[in-house]
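Q: Sequence:
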Amino acid sequence: MKLRQNREIKKSIKIYRKEVFCGIVGILLISLIVFYTVLNSMENKRTLQVKNDVYSLGRERNETNIYNITINYPQLEDGIGLNIDINKVNSLLKDAAFSVYAKTYVKAVAQLEEEVQDAHAYAGDVIDYDLLWLDNDYISLVFSIDSCVGGPSYMHQYPVTIDIEKGQYIYFSDFADINEVLQALQTGNFEVYAGTYSEFSSEDAHAPDVIKQFSETFQEQVSASTTGEGFDRFSSQNIGLDQQYLYIYFPFEKGISFQGYYILGIPKNKLENEN
1 MKLRQNREIK KSIKIYRKEV FCGIVGILLI SLIVFYTVLN SMENKRTLQV
51 KNDVYSLGRE RNETNIYNIT INYPQLEDGI GLNIDINKVN SLLKDAAFSV
101 YAKTYVKAVA QLEEEVQDAH AYAGDVIDYD LLWLDNDYIS LVFSIDSCVG
151 GPSYMHQYPV TIDIEKGQYI YFSDFADINE VLQALQTGNF EVYAGTYSEF
201 SSEDAHAPDV IKQFSETFQE QVSASTTGEG FDRFSSQNIG LDQQYLYIYF
251 PFEKGISFQG YYILGIPKNK LENEN
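Per the UniProt record's numbering, the sequence shown starts with residue 1, numbered consecutively.
It is worth saying that the hints were derived from the structure and are not from the lab. Just so it is clear, the structure is predicted and the values come from calculations on it, not from any experiment. Note that beta-carbon positions come from the ideal geometry of N, C-alpha and C, so glycine has one too. Warning: the hint list may mix true and false statements.
Below, in silico cross-link-like pairs of lysine to any residue (SDA-like), each with a Cα-Cα straight-line distance of 20 Å or less [what the hints assert, rightly or not]:
1) K51 x V142
2) K103 x S56
3) K268 x H206
4) K103 x N72
5) K166 x D137
6) K270 x A205
7) K88 x K166
8) K268 x D232
9) K88 x L57
10) K103 x S235
11) K270 x Q219
12) K268 x L131
13) K212 x I263
14) K268 x V142
15) K212 x A224
16) K88 x V54
17) K166 x L82
18) K88 x W133
19) K51 x L132
20) K212 x Q186
21) K212 x Q244
22) K268 x L182
23) K88 x K103
24) K88 x V126
25) K107 x N72
26) K88 x D174
27) K103 x D137
28) K212 x L182
29) K51 x N65
30) K107 x N68
31) K268 x A194
32) K270 x S202
33) K51 x K88
34) K51 x K107
35) K212 x D174
Label-pair distances were calculated between CB atoms; the ranges are [claimed, not checked]:
36) Q219 x A110: 32 to 40 Å
37) A102 x Q49: 26 to 34 Å
38) E216 x A102: 19 to 27 Å
39) D177 x I80: 33 to 41 Å
Could you build the full structure based on these sequences and the hints that come with them?
A: Dropping the structure here:
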């Protein structure tokens, strides 16, 4: 009788130990699941930061020529834990900043540093930018060029947007339906963000002949091929965005000899198929 009782006690102890072990394992598994869920949530909430880098090149002024170049451009940081190639994105940002020289960053710097050695060469360029949008998906900005080499100043702006995860420039067709953008232009659903001519009002921009010119220019830009290397600011890569607008660059001629530009903002709520 006692032997039977001992066996039952031992059996109960084994069952109890097994239940305790399974309970501990279950608690550990639940804890791990909660830990990785919280960690993943923290990574998703991690926000990229931007620092400003400056490229500066110059020489002392000689009797006739100056040579001073200052280029500000953003660089992303704090990308640890995010599934992105931050070096690739930063390279694209540098190429976009130096696209005024129609070259990549590496080739433009090589050209400038050779050119500055020529006593007859002159330059007076300042490039800056305004940040339109930054999250873990996109960075969008507008570069501004101010160039003066003794004659009339040359001022220009152009937008650029980069898909951070893919590490590539955004085109019109990547973000919105081309036909919907064209429809918004043709019906006057846009605002003037910036432009060359201060006397050119929003009312002027919505004149039928000007709208027609914008529409034709947009179609030309969409069909134009890019340079294939670096950033082409005269192609369908010239797109910007923020919370409210999709920004598009338009070259705009006024008169016979002077070429200017406008950047128009199309409300994103007018683009039903916005990505």
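Q: State for each hint whether it applies.
A: Cross-check of the supplied hints:
For the hint linking K51 to V142, the alpha-carbon distance of about 16 Å falls within 20 Å, and the restraint holds. Note on K103 and S56: the hinted pairing holds, with a Cα-Cα distance of about 17 Å set against a maximum of 20 Å. The hinted pair formed by K268 and H206 meets the criterion: a straight-line CA distance of about 18 Å does not exceed 20 Å. Between K103 and N72, the direct Cα distance comes to roughly 17 Å. Compliance with the 20 Å bound is thereby established for this hinted pair.
Under the criterion of a C-alpha separation no larger than 20 Å, the hint pairing K166 with D137 is consistent with the structure, at around 9 Å. This hinted pair checks out: K270 and A205 have alpha carbons roughly 18 Å apart, not beyond 20 Å. For a cut-off of 20 Å, the pair hint linking K88 to K166 stands: about 9 Å separates their Cα positions. As the CA atoms of K268 and D232 are separated by approximately 24 Å, the hinted pair breaks the 20 Å bound.
Between K88 and L57, the direct Cα distance comes to roughly 24 Å. Violation of the 20 Å bound is thereby established for this hinted pair. Of the supplied pair hints, the one linking K103 and S235 holds, its CA atoms being roughly 14 Å apart against a limit of 20 Å. Restraint check: the Cα-Cα separation between K270 and Q219 comes to about 18 Å, which is no more than 20 Å; the hinted pair holds. In summary, the hint linking K268 to L131 is supported, as the alpha carbons are separated by about 18 Å, within the 20 Å threshold.
Proposed proximity of K212 and I263 is supported: the alpha carbons are some 16 Å apart, at most 20 Å. Taken as a hint, the K268 and V142 pair is honoured in the structure, with Cα atoms around 18 Å apart against an allowance of 20 Å. Simply put, K212 and A224 have alpha-carbon atoms about 18 Å apart, close enough for the 20 Å limit, and the pair holds. Simply put, K88 and V54 have alpha-carbon atoms about 18 Å apart, close enough for the 20 Å limit, and the pair holds.
Note on K166 and L82: the hinted pairing holds, with a Cα-Cα distance of about 12 Å set against a maximum of 20 Å. Distance hint between K88 and W133 is fulfilled; the C-alpha atoms sit about 18 Å from each other, no more than 20 Å. For a cut-off of 20 Å, the pair hint linking K51 to L132 stands: about 15 Å separates their Cα positions. Of the pairs offered as hints, the one joining K212 and Q186 holds, with about 7 Å between alpha carbons and a cut-off of 20 Å not exceeded.
For the hint linking K212 to Q244, the alpha-carbon distance of about 24 Å lies beyond 20 Å, and the restraint is violated. For the hint pairing K268 with L182, the CA-to-CA distance comes to about 13 Å; that is within 20 Å, so the pair holds. At most 20 Å may separate the alpha-carbon atoms for a hinted pair to count; K88 and K103 meet this at roughly 17 Å. Simply put, K88 and V126 have alpha-carbon atoms about 25 Å apart, too far for the 20 Å limit, and the pair is violated.
Among the hinted pairs, K107 with N72 is consistent with the structure: their alpha-carbon atoms are about 17 Å apart, no more than 20 Å. Taken as a hint, the K88 and D174 pair is honoured in the structure, with Cα atoms around 19 Å apart against an allowance of 20 Å. For the hint linking K103 to D137, the alpha-carbon distance of about 26 Å lies beyond 20 Å, and the restraint is violated. Annotation: proposed proximity of K212 to L182 holds, straight-line Cα distance about 10 Å (limit 20 Å).
The straight-line distance between the Cα atoms of K51 and N65 is roughly 33 Å, outside the 20 Å bound, and the hint therefore fails. Taken as a hint, the K107 and N68 pair is honoured in the structure, with Cα atoms around 18 Å apart against an allowance of 20 Å. Taking the CA atoms of K268 and A194, the gap is near 18 Å; set against the 20 Å cutoff, the hint holds. Taking the CA atoms of K270 and S202, the gap is near 18 Å; set against the 20 Å cutoff, the hint holds.
Distance restraint check for K51 and K88: the Cα-Cα separation of roughly 16 Å lies within the 20 Å cut-off, and the hinted pair is therefore satisfied. Proposed proximity of K51 and K107 is contradicted: the alpha carbons are some 23 Å apart, above 20 Å. Pair hint K212 plus D174 does not hold up; C-alpha atoms about 24 Å apart against a cutoff of 20 Å. About 36 Å separates the C-beta atoms of Q219 and A110, a value consistent with the hinted range of 32 to 40 Å.
Taking 26 to 34 Å as the suggested C-beta distance range, the pair A102 and Q49 conforms, at roughly 30 Å. Roughly 24 Å separates the CB atoms of E216 and A102, a value that falls within the hinted 19 to 27 Å. D177 and I80 have their C-beta atoms about 36 Å apart, which keeps the hinted 33 to 41 Å range intact.
Hints 8, 9, 21, 24, 27, 29, 34 and 35, counting from the list given before, are not met by this structure.
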